[in-house]
Every structure is written in C-alpha cells, then in structure tokens.
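Participant: Residue-level listing of the chains:
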Amino acid sequence: MPRRPDTSPQTLRVFAALLEDPEGWHYGYALSKRTGLPSGTLYPILMRLAERELLTTRWEEATTPGRPPRHAYQLTPDGTALARDRVAQATPAPASRVRPAAHPRTAS
Amino acid sequence: MSAGTGPLDAGRSDDPVDHPEPAGGAAHRAARALLTWAVRGRSAHGTEWGEAMLRELDEVDGGRQRLRWAVSGAWTAWRDRLRHLPESRMIAAVPRPLRPVVSVLATFLVTLGALTLVNHVALSVSYIPSGSMEPTLAIGDRVLVDRIGFRITGLEYGDIVTFTRDDGVSTDKTFIKRVVGLPGDVMSCAGGHLTRNGDPVDESYLPAGTVTAAGVGERPAADCQPVTVPDGEIFVLGDHREISIDSRTFGSVREDAVEGRVLGTIWS
Chain A
597 MPRRPDTSPQ TLRVFAALLE DPEGWHYGYA LSKRTGLPSG TLYPILMRLA
647 ERELLTTRWE EATTPGRPPR HAYQLTPDGT ALARDRVAQA TPAPASRVRP
697 AAHPRTAS
Chain B
141 MSAGTGPLDA GRSDDPVDHP EPAGGAAHRA ARALLTWAVR GRSAHGTEWG
191 EAMLRELDEV DGGRQRLRWA VSGAWTAWRD RLRHLPESRM IAAVPRPLRP
241 VVSVLATFLV TLGALTLVNH VALSVSYIPS GSMEPTLAIG DRVLVDRIGF
291 RITGLEYGDI VTFTRDDGVS TDKTFIKRVV GLPGDVMSCA GGHLTRNGDP
341 VDESYLPAGT VTAAGVGERP AADCQPVTVP DGEIFVLGDH REISIDSRTF
391 GSVREDAVEG RVLGTIWS
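In order, the protein sequences belong to chains A and B. In terms of the numbering used here, the first sequence is residues 597 to 704. In terms of the numbering used here, the second sequence is residues 141 to 408.
The following block holds chain A by itself, in its conformation from the complex (with noise of 0.2 Å):
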C-alpha cells in the first residue's frame, strides 16, 4: 500500500509545531529547535509545503534596526486543514511525540 503522503515522522511534528500557532507567522530556526529537526531536514519540507500553497512565506522586517529581514511562514486554510488532518489521524498523537523546546519561542 502506498504511503500517504505527509505523514512522515518529520512532517508530522513540523505540522504539529505551526498548529501551536496556526494564524501566527514562524521562523526556521523557531521551527528547528520546536522539532528538533536540522535544517537540512526541516527546510526541505517547508519547501515542499510551499510549492504546494499549503504555507504562505514572507520576508519580514527585522525587530531590530539595522538587521536583515527575515524570513517568516504561515499555514494557509489549506494547509491548516492538511495538518490537522494528518495529525488526528496519527497513532499515537504526534504531539506528544514532540519534543518540548527548552524555551518556547513564538514567532509574531
């Protein structure tokens, strides 16, 4: 049987990181240390998520003066939808499979 797409151990806890925050906009590294996931790991599957519509990017100014924008990612309905379907439907909850960060960030 084939696999179901987006169900990977890997997708399911980037899913489960924006759900946290589902109209907020997140950063990579935000993300990263949420999933635990390296940025090898973690980019190509915003990427992915991206070309298919279901994340919404943009270059956001920096809080601070002087430093580069930064890049910042948002579910669309679409994709809020494709994660919360994909994340009920796995067993065990992946949520409790992801790990907490050691100082939640959220990115705003």
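Please note that the accuracy of each hint is not assured.
Example chain A residues on the side facing chain B (calculated, C-beta under 10 Å, incomplete) [unchecked claim]:
{"#": "1", "residue": "Tyr-623"}
{"#": "2", "residue": "Tyr-625"}
{"#": "3", "residue": "Ser-628"}
{"#": "4", "residue": "Pro-634"}
{"#": "5", "residue": "Ser-635"}
{"#": "6", "residue": "Leu-638"}
{"#": "7", "residue": "Tyr-639"}
{"#": "8", "residue": "Leu-642"}
{"#": "9", "residue": "Met-643"}
{"#": "10", "residue": "Ala-646"}
{"#": "11", "residue": "Arg-663"}
{"#": "12", "residue": "Pro-665"}
{"#": "13", "residue": "Arg-666"}
Calculated directly from the structure, the hints in this document are not laboratory data. For glycine and all other residues, C-beta sits at the position ideal for the given N, C-alpha and C.
With the hints as your guide, set chain B onto chain A.
Facilitator: The following block gives chain B in isolation, referenced to the frame of chain A:
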C-alpha cells in the same frame, strides 16, 4: 565538528554547548562561510530559501549549533541553488525529449575530439606494415608511439623510432627503425657485426647469429665502410638486417624527421 568553545567565562562553564559565541568566533565564521558558499556560490544573492537559511544562522545560539545549522543546511541550499540556475540557451533550444540523445551525442563527439587530439599530439598507435623490424616487431603488430617524451629526454641507443623521409614514391613515408648511432659516432659493419667508434655494439635484441652486412638496394657493399654520423642526424637500422632498408642504404636520418618513439607493442 567544532568543540563549540566560547569565551572563557567561569559563570558559564556548566553549560558547554549552548553558550553564545562572539560574532567573530571561528566556528561562527566557518559556519557562515560554508553556508554562504552553498547559498550564493559566486553570485551576490542566493535563492529565497537559501537566503532564509543564511539569515536564520544569525539567530542560532552557540558555535556548535551554528555549525550544525550550516552543515545540515548547506546541501539543501546548494541543491536549491542548482535547481534555480537558468538553463543555458543551447540546452533550452533542444526539445526536452531529445535532451538525453543530444547529451550522449555531445559526449561522444567531445570524447572523439579529445582522443584525436591526444592521438596526434601525445600518443598514437601505429600499425607495422613491414617485416624490417622482425623479430622485435612483426607485420600487423600495433605499437604505442610516444610523440612528446623523446623530445624532452632525447634519443638513446636502442630506441625504436618512427620518422618520415622521401622514399621516391611519397615525400613523407613513415619508417620504423632502431637508433644505433648518434651525432659524431663512427658506424661500421665490416666483418658482419655492427661497430660504433671501433667497438662492437651489444645488440642483444637481435636473434643469435644475425649478420649485419651491407645494405640492400642499389648501394654497393662498400656501405660497410666506416661512416661518421653528422650533427643533427641519427643512424638507424632495422632489426631484420637481411631485408631492412635503412641507414646502410639511405644514410643517416635528420633528427627532426623523427616523429615518435615506440613505447611498446599493444597487441600482435
């Protein structure tokens, strides 16, 4: 990986991994250099995602974490950059289904060109059409000819060389003979054995009992009289002394007519 060592701050010694490194730290600089190369190559800007990874590097805490971020992301960034490189106009002009065919053809032609160049300039394979070098080289042997090396090392006694001369039919007929005399040598074959400057030449490459007599052809037997090799010329003989037409018949050969030195037989 980096040891992640930071400033010698006693207050942080209990936290060896995640303490921040000064912006100019070696691990940070190495991480930044690696990721910048992967993201941008020689361009001023990388792809959207590459630049995003590079920007986030500034947010990563600690030298070791920064290195981990850069090493892990470099491959992703590099692939993303290659994916976005514009196709060259030549490739774009070829319809997509034909590209593998064109690619194979292009490889074939480039290889053929390169081999032809090498064949003419550096090394070539020659076919032995006559028996004048028997038994060392038989008719039909293929020999590998070095066309450059002998110009650097110079020729030595016993070398087998190819050269061209006018044989009356063709102005640049190729011959293959053995070098037995160099400029200034006095060659003679009186008594049936080759002598150089009065000393018998050790010709262990010849079959036992070979007699070196006067040359074949129109020249008289007086050819076995001593002859001095002029400057810039060489004295050459074929190993098959009974039939070889060589310096006994046409005299010494100009060194600059030599085209190559035989390295060995490829197949016989």
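Participant: Indicate, hint by hint, whether the structure satisfies it.
Facilitator: Quick rundown of the hints versus the structure:
1. Tyr-623: holds, 7 Å
2. Tyr-625: Because about 4 Å separates A:Tyr-625 from the closest Cβ in chain B, which is inside the 10 Å limit, the hint holds.
3. Ser-628: holds, 8 Å
4. Pro-634: This interface hint holds because 4 Å falls under the 10 Å limit.
5. Ser-635: Since chain B brings a Cβ to about 4 Å from A:Ser-635, closer than 10 Å, the hint holds.
6. Leu-638: holds, 9 Å
7. Tyr-639: The hint holds - A:Tyr-639 has a Cβ within 10 Å of chain B, the shortest such distance being about 5 Å.
8. Leu-642: Holds: closest Cβ of chain B sits about 8 Å from A:Leu-642, inside 10 Å.
9. Met-643: Holds: closest Cβ of chain B sits about 6 Å from A:Met-643, inside 10 Å.
10. Ala-646: holds, 8 Å
11. Arg-663: holds, 7 Å
12. Pro-665: holds, 7 Å
13. Arg-666: Since the shortest Cβ distance to chain B is 6 Å, the answer is holds.
Checked against the numbered hints listed earlier, the structure breaks none of them; every hint is satisfied.
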